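In terms of my numbering, the sequence shown opens at residue 1 and continues consecutively.
Heads up, a few of these hints could be off.
In silico DSS-like cross-links for lysine-lysine, where the CA-CA straight-line distance does not exceed 30 Å [unchecked claim]:
no.: 1; residue 1: K101; residue 2: K166
no.: 2; residue 1: K265; residue 2: K97
no.: 3; residue 1: K265; residue 2: K101
Simulated from the structure, these hints should not be mistaken for lab results.
What you are looking at is a predicted structure, and each value in this text was computed from that prediction instead of being measured.
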Amino acid sequence: MQSDSTAQSKSRTEAVSGRTAGIFNKTAAAALLCSALAAPAWSADLKAQDLFASGRSEVIIGVEDLYYPFSFVKEDGSRTGFDFDFSNELCSRLEVKCVIKSYPFSDLIPALLNGEIDLIAASLGETQERIEMGLAFTQPYYHGKSLYLTNDMSMLTVDDNTVKGKILASQESTIQLELLHRYFADSAAEIRSYNTYDELLAAVCAGEVDVVYLDGLSAVELIKSSEARSLNMIIDNDTSMDAAVNYARLAVRSTDAAALEELNKTLKDLTSSPDYQRLSLRYFPFIIY
Numbered sequence: 001m002q003s004d005s006t007a008q009s010k011s012r013t014e015a016v017s018g019r020t021a022g023i024f025n026k027t028a029a030a031a032l033l034c035s036a037l038a039a040p041a042w043s044a045d046l047k048a049q050d051l052f053a054s055g056r057s058e059v060i061i062g063v064e065d066l067y068y069p070f071s072f073v074k075e076d077g078s079r080t081g082f083d084f085d086f087s088n089e090l091c092s093r094l095e096v097k098c099v100i101k102s103y104p105f106s107d108l109i110p111a112l113l114n115g116e117i118d119l120i121a122a123s124l125g126e127t128q129e130r131i132e133m134g135l136a137f138t139q140p141y142y143h144g145k146s147l148y149l150t151n152d153m154s155m156l157t158v159d160d161n162t163v164k165g166k167i168l169a170s171q172e173s174t175i176q177l178e179l180l181h182r183y184f185a186d187s188a189a190e191i192r193s194y195n196t197y198d199e200l201l202a203a204v205c206a207g208e209v210d211v212v213y214l215d216g217l218s219a220v221e222l223i224k225s226s227e228a229r230s231l232n233m234i235i236d237n238d239t240s241m242d243a244a245v246n247y248a249r250l251a252v253r254s255t256d257a258a259a260l261e262e263l264n265k266t267l268k269d270l271t272s273s274p275d276y277q278r279l280s281l282r283y284f285p286f287i288i289y
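Can you build the whole structure from these sequences, using the hints too?
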């Protein structure tokens, strides 16, 4: 599921923060650390398999800081979202202690590679570039499709012709941003990146950019809110043919590739279970696997 904005764009973003704050309940001043104790330590089987080279008695999972409804802050200041609940359920089934830490999306891969976290659960797609960086990927933990949101209500499709003169944007370090550059670098007026999801949405609501490209599951939930009803949603039938943008996976370091077999076995059981169905329906109107 990031930023070249100038001081002027920051000012415009702040001006519309009231429109987007209601969507994300950004009442917490800093990222919180959430943990759920599924067991006091590694189970005997997992210790024997030495899943993670860190040898910790807990699994530290990184999620995106603010990405509704996968990760967001409730009015009481606590964090929640699909990725939080999914991570806790995964750890419970692995019989390990689970610590969840939130990061800006662009900081997740560096945090994994430098050993701050053991696993990323943040809508990552598998790409050759990320594999070459040192990541290894599990089977998908949900399926999705990317969408465009635009403040131009006359815009019905997104293609080389309709994006002429338009400013497009997505989040920094995402596959969606990569695809915008791949498909529209020669036709769009400009392609911008924003560090966070809420900055991206504030930009399109303020008219700072014309079109944003993002994960469809998040976009569908966003468009229901009164703050975003002025945006037009366009289904992506072209760029999202890239498989990497349709399948969200968990990621570990390639040096922890031995963990993949156990993780995939657990994911297979989890994603086909009633627990996963209940978890999906807690945040979405349908099963997302």
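Here's how the hints hold up against the structure:
In summary, the hint linking K101 to K166 is not supported, as the alpha carbons are separated by about 36 Å, beyond the 30 Å threshold. For the hint pairing K265 with K97, the CA-to-CA distance comes to about 18 Å; that is within 30 Å, so the pair holds. For a cut-off of 30 Å, the pair hint linking K265 to K101 stands: about 24 Å separates their Cα positions.
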